[in-house]
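Take the sequence shown: its letter number 137 is residue 179 in this note's numbering, and every next letter is one higher.
It should be emphasised that the hints constitute simulated quantities derived from the structure, not laboratory data.
These figures come from a predicted structure and were not determined experimentally.
Treat the hints loosely; a few may be bogus.
Here are the computed lysine-lysine pairs in the PhoX-like style, where the Cα-Cα straight-line distance is at most 25 angstroms [as the list claims (entries may be wrong)]:
hint, residue 1, residue 2
1, K139, K47
2, K105, K47
3, K145, K47
4, K139, K185
5, K147, K58
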Amino acid sequence: MSAQKLEWDAYDEPPKHNSPDWYWAVSIIALSIVVTAVVLNNVLFAVLIVLSTVVLFLRTLQKPQLIHYELTNRGLWINRSFQPFTAFESFFVEESKPKLLLKPKGLITPLSVVPLASVDPQTVREFLQELLPEEETHEPLSKQIMEYLGF
43 MSAQKLEWDA YDEPPKHNSP DWYWAVSIIA LSIVVTAVVL NNVLFAVLIV LSTVVLFLRT
103 LQKPQLIHYE LTNRGLWINR SFQPFTAFES FFVEESKPKL LLKPKGLITP LSVVPLASVD
163 PQTVREFLQE LLPEEETHEP LSKQIMEYLG F
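My request is simple: use the sequences and hints to build the entire structure.
Shown next, in the form of C-alpha cells:
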C-alpha cells in the first residue's frame, strides 16, 4: 500500500443560496396545506406544518460545517467519529461530483456519502481497493430529488 492514510477537509454539504422565489414557493405551499388542514378541522396538523416550515427556514440559515476526513488502513475518521471498514460491504467513488459512497452491511443503515473536495478521487479508489470491494452504487433517488428541490 502506497499511503498509510489520506486526509482532507470538506464541507458537509455544498453551500446553497436559495432565491427569494424558493422561499415564496415554500411559504405558499405551506400556507395552502395549513388552510386545508384548518378547513378540515385538523388544527394539530396545521400547527405541525407551521412548525416544520419554520424549522426548514431556520435550517436554510445554517452555514455548512467544515469536516475533517481521514482514511486509514482500519477505517474512516469523520472529525472524531470512527467507522471501521468491517462495518461496510463495499465502496464506490463517484467522479462526476467527487464523493465516496460507502455501502453498509446493515439493511437499514443509510449509505455513507463522503465529499471528496480537495483529494483526487482516483487516489481514494486506489487506497480503498486493497481494503474493500468496489461495487457501483448511487445515492438514493430521494436524496437526489431533495437536492434538486433545494433542500
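### Task
Return the numbers of the hints above that this structure violates; sort them in rising order.
The structure breaks hints 2 and 5; every other hint is satisfied.
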